[in-house]
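Asker: Following the hints, put chain B in place on chain A, whose structure we already have.
2 protein chains.
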Amino acid sequence: MSKLRAHISVSADGYVAGPDQTTDEPLGKGGEQLHDWVVALAAWRERHGREGGEVNASTAVLDEAQENVGAEIMGRGKFGGGPGPWPDEPWNGWWGDDPPFHIPVYVLTNHEREPLTLSDTTFTFVTGGIEAALEQARAAAGDRDVMLGGGADSINQYLAAGLVDEIELHVAPVLLGGGARLFEGVGPLQMEQVRSIEAPGVTHLKYRLG
Amino acid sequence: MSKLRAHISVSADGYVAGPDQTTDEPLGKGGEQLHDWVVALAAWRERHGREGGEVNASTAVLDEAQENVGAEIMGRGKFGGGPGPWPDEPWNGWWGDDPPFHIPVYVLTNHEREPLTLSDTTFTFVTGGIEAALEQARAAAGDRDVMLGGGADSINQYLAAGLVDEIELHVAPVLLGGGARLFEGVGPLQMEQVRSIEAPGVTHLKYRLG
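Chains as they are written, first to last, in the working numbering: chain A, 1 to 210; chain B, 1001 to 1210.
Mixed in with the good hints, there may be bad ones.
As the list claims (entries may be wrong) - Simulated pairs of lysine to any residue, SDA-like, Cα-Cα distance not exceeding 25 Å:
id: 1; chain 1: A; residue 1: 29; chain 2: B; residue 2: 1181
id: 2; chain 1: B; residue 1: 1029; chain 2: A; residue 2: 190
id: 3; chain 1: B; residue 1: 1029; chain 2: B; residue 2: 1093
id: 4; chain 1: A; residue 1: 29; chain 2: B; residue 2: 1093
id: 5; chain 1: B; residue 1: 1029; chain 2: A; residue 2: 210
id: 6; chain 1: A; residue 1: 29; chain 2: B; residue 2: 1201
id: 7; chain 1: B; residue 1: 1029; chain 2: A; residue 2: 68
id: 8; chain 1: B; residue 1: 1029; chain 2: A; residue 2: 192
id: 9; chain 1: B; residue 1: 1029; chain 2: A; residue 2: 3
id: 10; chain 1: B; residue 1: 1029; chain 2: A; residue 2: 162
id: 11; chain 1: A; residue 1: 3; chain 2: A; residue 2: 68
id: 12; chain 1: B; residue 1: 1029; chain 2: A; residue 2: 161
id: 13; chain 1: B; residue 1: 1003; chain 2: B; residue 2: 1201
id: 14; chain 1: B; residue 1: 1029; chain 2: A; residue 2: 38
id: 15; chain 1: A; residue 1: 29; chain 2: B; residue 2: 1163
id: 16; chain 1: B; residue 1: 1029; chain 2: A; residue 2: 184
id: 17; chain 1: A; residue 1: 29; chain 2: B; residue 2: 1029
id: 18; chain 1: A; residue 1: 29; chain 2: B; residue 2: 1210
id: 19; chain 1: A; residue 1: 3; chain 2: B; residue 2: 1084
id: 20; chain 1: A; residue 1: 29; chain 2: B; residue 2: 1188
id: 21; chain 1: A; residue 1: 29; chain 2: B; residue 2: 1208
id: 22; chain 1: A; residue 1: 29; chain 2: B; residue 2: 1144
id: 23; chain 1: A; residue 1: 29; chain 2: B; residue 2: 1157
Stated by the list, open to error - Quick partial rundown of chain B residues pointing at chain A, CB under 7 Å, derived from the structure:
id: 24; residue: 1187
id: 25; residue: 1191
id: 26; residue: 1205
The hints are simulated quantities; they were obtained by calculation from the structure and are not laboratory data.
All residues carry an ideal CB built from backbone N, CA and C; glycine is no exception.
Isolated chain A, as found in the complex (with noise of 0.2 Å):
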């Protein structure tokens, strides 16, 4: 059966973000440092319209992050453009005209939108829940998994519902020392280490859930 699996950056202290997030600065205060090893990678950079980059231990963790993924999850920080309704001229996405998917997205929200088409991606906005988009995802995907691409709230709400396949986790080494915090409220549980990874400045950590 198609698998639900997250896959996000996180600092050794465990924050998927720094602090103080803004618009301007989503990933809050040091949070970028988080995706120093993902940006470094010419199979990344390629997908995001940049040119050069590395291959190494973490292409393979990457490619593989990416298989058979039908459709993803997203939360509405993710999406961006800030919490409350959607205003007149809304915000369409962090990534311009040709987002980064390619699959159908679900952002989770709580209020209403059309959906979104730009380029081969569409964003579907779910106000129904977490089990609603998960349905709507697996429907989209058919036989290939669902990705749940964060951020932290997302990932913990699935992850305290018990609805999580896999998650695997890119540890970056630096201390955020607060922001949004990966695993809140989520334990206890007993995972099982499925492999990890050492890659230059990061390191692969894949576990499966019960």
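Answerer: Relative to the frame of chain A, chain B by itself:
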């Protein structure tokens, strides 16, 4: 120069002990799971007077952690016996008549107490704070390193003071959901990933501090 090194088992959500720590359950609820990986090792069992056990990828990690260590610093919580002044028949630690340290141990406490020698381990109780304890431990260790044995509070204090040279996390595949949190009050701080090692039921992450 002699280094100050910490190594400690931690849950994937960042706790070195679970919630509701008591004298009978010093690792709190679920905390014993953090040590499953080490209790399974033949190398650990031999040191603690138990038979059997495994040799796996964690064996070399444990050997390396114990190599070249001339003294240990620990918090009063790890030594045990609860907070407050020492009673007339004082607590002599969790480890019986032959503690597994075999090196001088410096216990951080607010309450004066004469040194305690059990077999070839002498516990010295330091009331002058973390820098005084480090000075005494370094003097005892000579050219060898000083091990910072935990718990979370004492490691966090030394980290916040910029006194730790290396920290190794043994990350167990469990979420405790609460308890004694490593890295509380420490960041922001950039570290350098020295190496990570996958082993059965645990990943060993070693970082160097600036």
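Asker: Against each hint, give a clear statement of whether it holds in the structure.
Answerer: Consistency of the hints with the structure:
A distance of roughly 21 Å separates the Cα atoms of residue 29 of chain A and residue 1181 of chain B; the hinted pair therefore holds under the 25 Å criterion. Restraint check: the Cα-Cα separation between residue 1029 of chain B and residue 190 of chain A comes to about 13 Å, which is no more than 25 Å; the hinted pair holds. Distance check on the hinted pair: residue 1029 of chain B and residue 1093 of chain B sit about 21 Å apart at the alpha-carbon level, within 25 Å; holds. For the suggested pair residue 29 of chain A and residue 1093 of chain B, the alpha carbons sit about 42 Å apart, so the restraint of at most 25 Å is broken.
Among the hinted pairs, residue 1029 of chain B with residue 210 of chain A is consistent with the structure: their alpha-carbon atoms are about 19 Å apart, no more than 25 Å. With a CA separation close to 33 Å, the supplied pair residue 29 of chain A and residue 1201 of chain B exceeds the 25 Å bound. Distance check on the hinted pair: residue 1029 of chain B and residue 68 of chain A sit about 38 Å apart at the alpha-carbon level, beyond 25 Å; violated. Distance hint between residue 1029 of chain B and residue 192 of chain A is fulfilled; the C-alpha atoms sit about 19 Å from each other, no more than 25 Å.
Among the hinted pairs, residue 1029 of chain B with residue 3 of chain A is inconsistent with the structure: their alpha-carbon atoms are about 30 Å apart, more than 25 Å. Annotation: proposed proximity of residue 1029 of chain B to residue 162 of chain A holds, straight-line Cα distance about 20 Å (limit 25 Å). In summary, the hint linking residue 3 of chain A to residue 68 of chain A is supported, as the alpha carbons are separated by about 10 Å, within the 25 Å threshold. Proximity of residue 1029 of chain B to residue 161 of chain A is assessed by CA-CA distance (about 21 Å); at most 25 Å being required, the pair is judged to hold.
For the hint pairing residue 1003 of chain B with residue 1201 of chain B, the CA-to-CA distance comes to about 28 Å; that exceeds 25 Å, so the pair is violated. As the CA atoms of residue 1029 of chain B and residue 38 of chain A are separated by approximately 36 Å, the hinted pair breaks the 25 Å bound. At most 25 Å may separate the alpha-carbon atoms for a hinted pair to count; residue 29 of chain A and residue 1163 of chain B meet this at roughly 24 Å. Between residue 1029 of chain B and residue 184 of chain A the CA atoms are separated by roughly 17 Å; this keeps the pair inside 25 Å, and the hint holds.
Of the pairs offered as hints, the one joining residue 29 of chain A and residue 1029 of chain B is violated, with about 34 Å between alpha carbons and a cut-off of 25 Å exceeded. Straight-line distance between C-alpha atoms of residue 29 of chain A and residue 1210 of chain B comes to about 19 Å, which keeps the hinted pair within the 25 Å bound. Of the pairs offered as hints, the one joining residue 3 of chain A and residue 1084 of chain B is violated, with about 51 Å between alpha carbons and a cut-off of 25 Å exceeded. Taking the CA atoms of residue 29 of chain A and residue 1188 of chain B, the gap is near 9 Å; set against the 25 Å cutoff, the hint holds.
Taking the CA atoms of residue 29 of chain A and residue 1208 of chain B, the gap is about 22 Å. The hint holds against a cut of 25 Å. Our distance criterion of 25 Å between C-alpha atoms is broken by residue 29 of chain A and residue 1144 of chain B, whose separation comes to about 38 Å. Restraint check for residue 29 of chain A and residue 1157 of chain B: satisfied, since their Cα atoms lie roughly 23 Å apart, inside the 25 Å limit. A cut of 7 Å between beta carbons decides the hint on residue 1187 of chain B: the least distance to chain A is about 3 Å, and the hint holds.
Proximity of residue 1191 of chain B to chain A holds as hinted, the smallest CB-CB distance being about 4 Å (cut-off 7 Å). The criterion of a C-beta within 7 Å of any C-beta in chain A is met by residue 1205 of chain B, whose closest approach is roughly 6 Å, and the hint holds.
Hint check: violations occur at hints 4, 6, 7, 9, 13, 14, 17, 19 and 22; the rest are consistent with the structure.
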